[in-house]
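Peer 1: Taken in order, these protein sequences are the chains called A, B and C.
For the first sequence, the positions run 25 to 548 when the numbering used here is used.
For the second sequence, the positions run 26 to 198 when the numbering used here is used.
For the third sequence, the positions run 4 to 378 when the numbering used here is used.
Heads up, some of the hints might be wrong.
With a straight-line Cα cutoff of 30 Å, these simulated DSS-like cross-link-like pairs (lysine-lysine) come out [to be verified]:
#: 1; chain 1: C; residue 1: K113; chain 2: B; residue 2: K86
#: 2; chain 1: C; residue 1: K185; chain 2: B; residue 2: K86
#: 3; chain 1: B; residue 1: K161; chain 2: A; residue 2: K249
#: 4; chain 1: C; residue 1: K375; chain 2: B; residue 2: K128
#: 5; chain 1: C; residue 1: K78; chain 2: A; residue 2: K548
#: 6; chain 1: C; residue 1: K78; chain 2: A; residue 2: K216
#: 7; chain 1: B; residue 1: K102; chain 2: C; residue 2: K288
#: 8; chain 1: C; residue 1: K73; chain 2: A; residue 2: K509
By construction, these hints were calculated from the structure, which means they are not laboratory data.
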Amino acid sequence: MNAHVADTHEHHGPEKGLMRWITTTNHKDIGSLYLWFSLIMFLIGGVMALIIRAELFQPGLQFVDPQFFNSMTTMHALIMIFGALMPAFVGLANWMIPMMIGAPDMALPRMNNWSFWILPFAGTLLVATLFVEGGAPASGWTMYPPLVLQTGAAFPMLIFSVHLLGFSSIMGSINIIATIMNLRAPGMTYMKMPLFVWTWFITAYLLIATMPVLAGAVTMLLTDKYFATSFFDAAGGGDPVMFQHIFWFFGHPEVYILILPAFGIVSQIIPTFARKPLFGYSSMVYATASIAFLSFIVWAHHMFTVGMPVAAELFFMMATMLIAVPTGVKVFNWVSTMWRGSMTFETPMLFAIGFVMMFTIGGFSGLMMAMTPIDFQYHDTYFIVAHFHYVLVPGAIFSVMAAVYYWLPKWTGNMYDESLGKFHFWISTIFVNILFFPQHFVGLAGMPRRIPDYSVQFTDFNMISTVGAFGFGLSQLLFVYIIIKTVRGGEKATDQVWEGAEGLEWTLSSPPEYHTFTVQPDVK
Amino acid sequence: MKTQRNLLKLFMIPVLMFGFGYLMVPIYDVFCDLTGINGKTGSITVAEASQQKKVEERLIKVEFVSSVNELGPWEFKPDQFSMMVHPGQAYHATYTAKNLLDKDAISQSVPSVAPSKAAEHFNKTECFCFTEQAFKANEERTMPLTFIIDPDVPDDVDTVTLSYTLFTKSIKS
Amino acid sequence: MNKLIQIAVGMMGAAFTSGAYAAWETNLTKGVTDISHEVYDLHMLVLYVCIAIGVLVFGAMIYSMIYHRKSKGHKAATFHESTKAEIAWTIVPVFILVALAIPAAKALIKMEDSSNADLTILVTGYQWKWQYEYPEEGISFFSNLASDSREASARDSGIDPATVDNYLLEVDNPLVIPVGKKVRFLFTSNDVNHGWWVPDFAVKKDAIPGFINDMWANVNEPGIYRGQCAELCGKDHGFMPIVVIAKEESEYNEWVEQQLASAKETEAAANKTWDMASLMEQGEKVYTTSCVACHQAGGQGIPGVFPAITGSAIATGDVAGHLDTIMNGRPGTAMQAFAGQLNDADVAAVTTYQRNGLGNSVGDMVQPSDVKALR
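Given the sequences, and given the hints that come with them, work out the whole structure.
Peer 2: Below is the structure:
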């Protein structure tokens, strides 16, 4: 790979002050904005999680009322999914995709600015529901009617904020697709693209195909409540279960929207630190595509207990189990990449390995609950809570942390503090397991999810879980400290940063110029 | 130019998918009619019903239950708990509803059938469902229904439960 | 931070030694029906398959992390594909999945076959209680969270939940079923979606307003089986447990007789005239089961969500208006119509209690006959 020496006359620095950030169309600035926004929302959502866990430390109600508790579970989920994880991945895409494919910027820089700046408004609107009459939405992030229709003044705010978040994601995704299709450097064929770019390419299609369906579903809720339609009201010939079908038609692909970019990140990091090319590049691409396809035909496994014909239950069971195949291929490929490599274990690698192991644990429980007859026992218990937190916290969130440690030296030009980073990994890993592993046990023993108080036989594991939660929550303050410290200074990073790193982004200086690849490199 | 056309196509995807979300409503209804997924019953005309052949050797128990949604001010009960019926023959049953208020009110009843695999084979030729029923203050009324079970109802169905839920549509003040 | 961990660990230690919490249940229940046994076996089967795969995959990873590290001087190999291996680990999992899907499908078909049932029970979910109806026998009753659990769960109640028997898993009127009979449950809801779940029966089904679902259980052993609402249904989702008592057939028949007899007694009670003390006593009982979830123990309500009873214009105003609100509810609000769930005596008692208790002192009484006249 060869970067042409860029014409220095075209390089101009960013504007100064606040206006730089408001008016910016630069993919690096916007990427940073997304990442900071995501970090703030991660901390807000994390505080909510700690309120939940504090209440669940002991049986009986100690700190909050049941209605507020339900608001916390609802808001925690919405904020973490739409406010923390999705913007984090979009931020990484903004920073890295142009640099990985040798593009000067995103294809639609002005739309890029809008898609970010919608987010703070949507996020504020969502958080503001906490302060209106009747309290924040408390019907679960799944917003099932008829319960969600009992929401007070927060209801239209919730719907509008989901609409805004949807707009932002759709615009961001179109931008990513357009960038990948049109701005690849000469010679960068599709099958030469780094895997992070590939997984985001597929994720972006999932987003533009499913976010509008969610928007439609919540619009129907809105008209049901205020304009006397009866999409989900049995009295008018509607069906509340239909909402669940439409919601999960969005919701299941959404699950993969949250995990495919993580697969991409891990597929970048493991080869770097194993000093060995990714095993089975093309099968990784095909596996990602087949997971994306399967995600559209498995949605009803979230709702096996609503009462479906046996044939439908069998279909959704088998289709769901089938997802284990391409997911397995990915895990096997990562292990084979590590196999007979020459590994070192810097922080990004630790997080990536942690991801593979703990995501796989979440995958196993996923396989268990794919089986309809046993899902009747698991459904809506803490076993489910344990499952999706395993795939989302030591899964998706660990991948974001891995990515931050991996690319932070490139973004800032400074190395982060390696021993602090490793310490952050180890305490996060230990506490996250103390937090979520016991939830498997209480779930199997019969504790339903979304309850503020529980029967005393569940106490021990809930206490352990709460201790893990506070440990994990506090560990993330260290993460914030490490990031701020690295941004402000530190040992200078080389352009290559990592010995085994390969790809166009490592041919740029650390930190990269404000405008990079104004002349596209030739990829051989 | 090509880029712009591609972009236009990309923008069309979310627009179409938004429409698809709404399209799922009729699709779901058709799907439900075909599979009985949400317990919605089949319906045929009286003429069609008279064409069906009575199956003497099979007896199916039909149970009737009722509920009043959101504990509205109604008394609503089936007049018989169960009947033994032959597939292919039409039967009559009645429910009684009473408005407990001193005001006029309008109700609407929604049927549902369990098990769902029997739903599509449970046909009603006369029914008070899905139409609004106006009640005078304290009025009590018998509401009739006529039904016929398809001769091709699955062999492992020996009990069918018909449930009516009565919703309050409006109360005159 | 270390200090915090110390405190937390200390608290954990204290909790573990208290003995009241000495249940370390870590696995799914085997349950008491043939179906629940089958479900348990399937659960264990897929668990063992996952553990076996986990040992292989994690074993390979850990081996590689120990031996293939740069610090040990291991040089990286250069292979990056192997068609044979990739085909193998695509095909082999498919076979494993098929082997798991076959018994699962068989179990599922059995679970969904509700034919040849001996008894039908209609289960209706309410915010936040269950109603059980035996249409053939003509029995119908509500099942609320036991009042000692409710009192202990309140914030600052000062009652240790560990001292309450079956905390949050006890009800006033349990469901009673015969053993050795195929009991078919029909599920529906009165307001929002609920989920009826008894782990020992491996029965979990959503109760959806306007629709009915069915599921069945054939319980092998007499006993008391407990479960909870599984579908988020609002504020008190965690406070609507399910208790099922499975009895030998003869005892079950006795219970049915008793229920029918006590229904007659209730009717008789509605015809007599009550004094203030007994109205207040009965009224308090009804209040703690039917009203307290929203209007709260002291009648103060939850500002902005549920109005207070204490000092309210309705509860201290005209009796007719008060009775109308209780019996017919307030459409469009969370206030339900209680005419269908409380008998005449209970309505009279709770109305009197609200007017003369909870900080109110109107001074008048409502008799069951007054309520009867309104029906």
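Peer 1: Give a verdict on every hint.
Peer 2: Results of checking the hints against the structure:
1. K113/C x K86/B: Given pair K113/C, K86/B holds - Cα atoms ~20 Å apart, limit 30 Å.
2. K185/C x K86/B: 15 Å, holds
3. K161/B x K249/A: 28 Å, holds
4. K375/C x K128/B: 18 Å, holds
5. K78/C x K548/A: 26 Å, holds
6. K78/C x K216/A: Between K78/C and K216/A the Cα gap is close to 25 Å, so the pair holds against 30 Å.
7. K102/B x K288/C: 29 Å, holds
8. K73/C x K509/A: Status holds; Cα separation ~29 Å.
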